[in-house]
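Once you have looked at the hints, place chain B on chain A.
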Amino acid sequence: MTRFSALSLLKNAMTGHKDWEPQWPDSEPKQEYDVVIVGAGGHGLGAAYYLAKEHGITNVAVIDKGWLGGGNTGRNTTIIRSNYLYDESARMYDHALDLWEGLSQELNYNVMFSQRGVMMLAHNVHDVQSFHRHLHSNRLNGVDNQWLTPEEAKAYCPPLNISKSARYPVMGAALQRRAGTARHDAVAWGYARAAAARGVDIVQNCPVTAIRRDSNGAVEGVETARGFIRAKKVAVSAAGHTSVLMDTAGVRLPLESYPLQALVSEPVKPIFPCVVMSNTVHAYVSQSDKGELVVGAGTDQYTSYSQRGGLPHIQHTVAAVCEVFPIFTRMRMLRKWGGIVDVTPDRSPILNKTPVQGLYVNCGWGTGGFKATPGAANVLAWTVARDEPHPINAPFHLDRFRTGRLIDEAAAAAVAH
Amino acid sequence: MTAFRVAESGRVRHDRPVEFQFDGRSYQGLEGDTLASALLANGVHLLGRSFKYHRPRGILTAGSEEPNALVGTRRGPGRYEPNTRATVQEIWDGLQAESQNRYPKLSFDLGAINDRLYMLFSAGFYYKTFMWPRSFWERVYEPLIRRAAGLGKAPQEPDPDHYAERHLHTDILVVGGGPAGLSAARSAAKSGARVVLVDESAEMGGHLLSEPGLVIDGQPAWDWLAGMLEELRELGVRVMSRTTAIGYYHQNFLALCERLSDHLKEAPADLPRERLWQVRAGQVVLAQGALEKPLVFDGNDRPGVMLAGAAQTYLHRYGVRAGDRHVVATSHDSAWHAAFDLSDAGSRVEAIVDTRANPSDALREAARDRGIRVLSGHTVTGTSGRLRVNAVRVNPVHDGSVGPAETLGCDSLLMSGGWTPSLHLFSHTKGTLRWDDESDAFLPDQQAEACHIAGAGRGLWGVEAVLQDGDLRGAEAAEAAGHKPESGAFQVENDRTGSGETHRELPSDRKPGRARAFVDYQNDVTAKDIRLAVREGMKSIEHVKRYTTNGMATDQGKLSNMNGLMIAADAVGKAPPQVGLTTFRPPYTPTTFGAFAGYHRGDHFEVVRKTPIDSWAEENGAVFEPVSQWRRAWYFPRQGEDMEAAVARECLATRKSLGIFDASTLGKIEIAGPDAVEFMNRMYTNPWTKLAPGRCRYGLLLGEDGFIRDDGVIGRLSDDLFHVTTTTGGAARVLTMMEDYLQTEWPDLNVWLTSTTEQWATIALNGPNARRVLEPFVEGQDLSPEAFVHMSVAECRVAGFPARLFRLSFTGELSFEINVPARYGRALWEKLYEAGQQYDVCPYGTETMHVLRAEKGFIIVGQDTDGTVTPDDAGMSWAVGKKKTDFVGMRSLSRPDLVAPGRKQLVGLLTEDGSVRLDEGAQVVADPNQSVPMAMIGHVSSSYHSATLGRSIALALLKDGRNLKGQEVYVPLPSGLHKARVTDTVFYDPEGERLKV
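Top to bottom, those sequences are chains A and B.
Taken in order, the first sequence gives residues 84 to 500; the numbers are from this note's numbering.
Taken in order, the second sequence gives residues 18 to 1014; the numbers are from this note's numbering.
Next up, chain A with everything else stripped away, as it sits in the complex:
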């Protein structure tokens, strides 16, 4: 692997950039691997990387039905934060945040992790109560999160409308300064390149059609469009399609899949210095390095596998953005798109072993999987390598839906009076 650096860039610039090598080879699948990971998104590629680096397991294939990074890794709004309420979530996302902070150097790939701060707006008394609960919990968990007055919030993000006469006036905000954004594609590419450099095969355009189990019920390998691939360990990390795949192994998952939409504006000069989230008004905004406003919309009301989504959510989202940031009505939407998110009953992921020997699953991240990428990948690798969960992901067991030991972050923000 050619090391990336200013120097290597300069050297190659002199020679017309004709000596760069492929960042990863497009591998043909072998007949057998120690581990097969289904889904070449950030989570799957990252898991392969950590399997190779931290556990010495390099006979690994990451298999994808399309091109690597083509699913939700390349479709999200790139928000990274860890100010979650429950200990279990806080540990998971803070682990990810720790890894994010050194990821560019670790991978020798600039993933443009930018800790510009994520500010969550409170618009009513219930929001204030809920955010205070988060703040107190985060403080005692060692997770940074601080309360801002409306004036402080506006100082942090000048386009913000803090008028008291607004439909939903800003009553304050919770700010996590360590939080921010990253360049989503670069995360997939960086992990792919680093994993490939350690011997991992990345097999693209190879749909996995079924997971095969042997007579004892243990995993035997995966059926693919290019034939059967043997592996005693299979990890499924295929957001948007996990339940279909796991079904082939006889594992029913409590997942519902919804279209989730996002959009960008035309690029403009820097105007928006941080990330702002308003759950009550439903506006999620940041500005990319390229200058586009990046806006997240809500999930559609109905389950679907179609990566399209409807217009009403977009209208509502854009109206919400203009409500919180009135100067943006004359900005233009450049492009909008949809992805499919897998949602569990408690809105927390499932990342653990399964009832099937040798089968591991990482799914159910809902709308928030990107921020967890390095952390999830890291503990997934651990779980696969040792056939037991890392303490961080141990609570994220499928069995919790049977026992009722839920980790319900969404419910924690439930609104009713």
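Hint data in this document are derived by calculation from the structure and do not stem from the laboratory.
We put the beta carbon where it would ideally sit given N, CA and C, even for glycine.
Be careful, since some hints might not be right.
[To be verified] Using C-beta positions, here's what the derived DEER-type ranges look like:
{"id": "1", "chain 1": "B", "residue 1": "A165", "chain 2": "A", "residue 2": "A301", "range": "50 to 58 Å"}
{"id": "2", "chain 1": "B", "residue 1": "Q947", "chain 2": "A", "residue 2": "K237", "range": "31 to 39 Å"}
{"id": "3", "chain 1": "A", "residue 1": "K315", "chain 2": "B", "residue 2": "K982", "range": "47 to 55 Å"}
{"id": "4", "chain 1": "B", "residue 1": "H415", "chain 2": "A", "residue 2": "K101", "range": "21 to 29 Å"}
{"id": "5", "chain 1": "A", "residue 1": "D102", "chain 2": "B", "residue 2": "Q947", "range": "54 to 62 Å"}
[As the list claims (entries may be wrong)] Simulated coverage check for chain B against chain A, where a stretch passes if three residues somewhere in it have a Cβ under 8 Å from a Cβ of chain A:
{"id": "6", "stretch": "30-39"}
{"id": "7", "stretch": "305-314"}
{"id": "8", "stretch": "913-922"}
[Unchecked claim] Short, incomplete list of chain B residues facing chain A, as computed with Cβ under 7 Å:
{"id": "9", "residue": "L137"}
{"id": "10", "residue": "T146"}
{"id": "11", "residue": "E155"}
{"id": "12", "residue": "E159"}
{"id": "13", "residue": "G167"}
{"id": "14", "residue": "L168"}
{"id": "15", "residue": "R552"}
{"id": "16", "residue": "P643"}
{"id": "17", "residue": "S809"}
Here is chain B on its own, set in the frame of chain A:
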């Protein structure tokens, strides 16, 4: 007349000059000009700077696909807009436009240093560097990159314009007002179908506007067009210009954006700027035509380099020549005609350079007739000129080898790399495309919606063929929509049919690594960038796109996608269809946020729900709080009172004598039908069978997971009629949940659900004097304690109004809730308020309601529960029917973790120092001496100062809470560590004596 205007030519009004400014300089254009055509008429070609290299850029196209000529426009305060395409913006007297992304000025831009360093700024260079030292990314590199990136400046002030929205149903929607769309609309409308025809341009006609020499059915093209539009009007077709179909959604649902005022000098104040149309069409005809491709060669981006079709449009539609001395470079016949027309209009065409070895004899002959030199089998290998092209370097190509160069002087280079069918909307539907070898283009294949592609979108070429096809598709659509169509026939003279070939970057005799051959103009993506991406392993078009940003500019790849694909396919060594096509996404062209937001701005963002008594509260000085969509009176401060003082006074007055509270926001659902009681039994945890008509009961609703979702008092009015109340925020959710069960799980039940939240005004009278005030108003119900016991409901009259009267209590005091039809709400409130004066009645708001209920330990769902709380956790096992065999969530209640010891339970908390009010949300620990991360045992859910008790009180959810009663716990706050004792949840009148008044 300006230098490049052709007298009496075009559709502009030569008798109506228009003054406008660009970069502070005044220019004159004509009514009907776009900013681009008017500047071209003045000989101005330099309009902007590119994104990365800050290269000087001119006008490339004559339409909405323009990637280069983006400007900022201004129309007084608050009406600045960045990134406006000069090729679309119509001019009006006083229009101010300015160039973007340059410093200090357009002709001399310091950012152009990037252009000198272009070898460093190769595709994806930023992924490879800026990593050391680590802290520099955010402190140094990223701010620099961000400042350099972006195009225009964002608006800085709120927008004074307003935006509108409409819904429309139609049998047939035709997208595109060119020849195919026109004939499709006519044949469809003749069948009697309702037809809507939209076009993004200021006028209908499409390509016909650029080719007036055609003769259609014996008429000059523009006369034919006028007649056609008249006919469409007579047929009742709704013809909408300046209207872009921006997105195509499920079930033939399309969004259109109509631009109403940006082209007007003075827009009437009531005219919206834009209107978003949401159209549900039975059938859709997509007649979006084709987009011309640039040729990819070194220097193909200099100002003065323009698509040949655009030059033809500027000439015929706007009466503007794109220059005096043209060189035409092409791989398609169409550019020859542009050259001929310009030559005929008085321009000099130095040469037609065709990449093909053998252009047709007819074209050669026509060129010879005009004295135009023809260089066939040639390639373009460079251009020169700093701010405007002044020469073109061309070379012959023989058997793939490039011969010696020749330089041709010019002030305008027109190019054509052929045409791409415009299938963006078709792609929105996830309709699939197939590669057509013959036309070297993707054509529609499998369709996912009820749509019909007409004309150039299907690879057809020539106006007669396109008219005929449009007619057929329109008829096809009409038939599919259930109408009997009739088809017409068209005869076109002077039809310029033609063909061409498709290229990747043109061959060159220069080092390919150095060539500045642009594929995506705006994003500065060159052919070598695409090859570099492929070299680095980006073998899918999606990877190429994301790595190079090809196709991600504001033209969304309309010009760049096909050229990018041809080059990538060549680099990968595969056929184009194997490399694939990126997905086109809505909107078709960038669309203002305002258009999407429509009416939903400011006060109309979301309706403010107000109760019938809201106006009284406002008149009486209430402070309001938003609760879901409602605004509710929060407290009623008297002169000089702050919130705390007001709430304390309201609490004491209610406990002492009488308080009056507007509870109208409570959700209300009427459940009626023979199976109403069975439905109630299945929904709620409580048993309902034995609840007698005339009695009410506190009901608890769980989710399937066994956790509390909602609560409220429910009255049984008769055997088959329940009056359910829900939380204010939960009303819609509960009704949806009930309907979901009723329709999908229990279709056997004969039950009807009706939301009656807004039908009733609800007034709560609380306090020892409640009965005394109310009694004189009530007819038809004896209010004595024996006749109307606690937890009763009656239908009666109150103050002469029909009423549903509840006796219940959320405060612990004697309490009545009077529901009257909403229109009587305020009248009843005023009567009760007046009558209450003798008991010092005190109107109170939601905060006092919260304090009073907390003193009694009553929960607020969503505050003291959070979606993880079971009835037992909340101390409400009593609300769960022990003998019931089923209700929603029942099975989950027996899950291991829900019956395991150590669950968080609702308890009371009393701080050691009664003057300390704990923060709601504060976390509780057992051991205050631990280090972070601390083991937390729960949190404070409610916390108030209780004036009644003269101290603070709190409710908390604590692990194993009920077993901790009497013990001490700790609350570490930034203000210090607080000690508190765990208590019962009922702080006041635990025996309920006060209800027995």
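Verification of the supplied hints:
1. B:A165 to A:A301: 50 to 58 Å: About 55 Å separates the Cβ atoms of A165 (chain B) and A301 (chain A), which means 50 to 58 Å holds.
2. B:Q947 to A:K237: 31 to 39 Å: For K237 (chain A) against Q947 (chain B), whose Cβ atoms are near 37 Å apart, the range 31 to 39 Å holds.
3. A:K315 to B:K982: 47 to 55 Å: The hint (47 to 55 Å, Cβ to Cβ) holds, given that K315 (chain A) and K982 (chain B) are roughly 53 Å apart.
4. B:H415 to A:K101: 21 to 29 Å: holds, 26 Å
5. A:D102 to B:Q947: 54 to 62 Å: holds, 57 Å
6. 30-39: The restraint on the stretch 30-39 of chain B is violated, since only 0 of its residues have a Cβ under 8 Å from chain A and three are required.
7. 305-314: violated (count 0)
8. 913-922: holds (count 3)
9. L137: Hint holds; L137 (chain B) Cβ to chain A Cβ min 5 Å, cut 7 Å.
10. T146: Hint holds; T146 (chain B) Cβ to chain A Cβ min 5 Å, cut 7 Å.
11. E155: holds, 6 Å
12. E159: With Cβ-Cβ at 6 Å, under 7 Å, it holds.
13. G167: holds, 3 Å
14. L168: holds, 5 Å
15. R552: holds, 6 Å
16. P643: holds, 5 Å
17. S809: violated, 25 Å
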